[in-house]
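Using the sequences and the accompanying hints, generate a full structural model.
Counting from 862, one number per residue, gives the positions in the sequence shown under this note's numbering.
Rather than coming from a laboratory, the hints here were simulated on the basis of the structure. A few of these clues could be false.
Simulated crosslink set (EDC-like; lysine to aspartate or glutamate; CA at most 20 angstroms straight-line) [claimed, not checked]:
1. 885 <-> 896
2. 884 <-> 896
3. 894 <-> 882
4. 893 <-> 882
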Amino acid sequence: MNFNILKHELVPYYRILSRSEVKKLLSTYGIKKGDLP
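Written out as structure tokens, the structure is:
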């Protein structure tokens, strides 16, 4: 039985951020890129 975990209803929505969105995210939370998982 094949099961695609990415199609499961509990997988949250995600997308790739643009460079400007990354800068805004990092400045909003006062973190560096290396602090992210």
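Hint check results:
no.	hint	verdict
1	885 <-> 896	15 angstroms, holds
2	884 <-> 896	13 angstroms, holds
3	894 <-> 882	12 angstroms, holds
4	893 <-> 882	14 angstroms, holds
Figure legend: structure checked against the earlier numbered hints; every hint is met.
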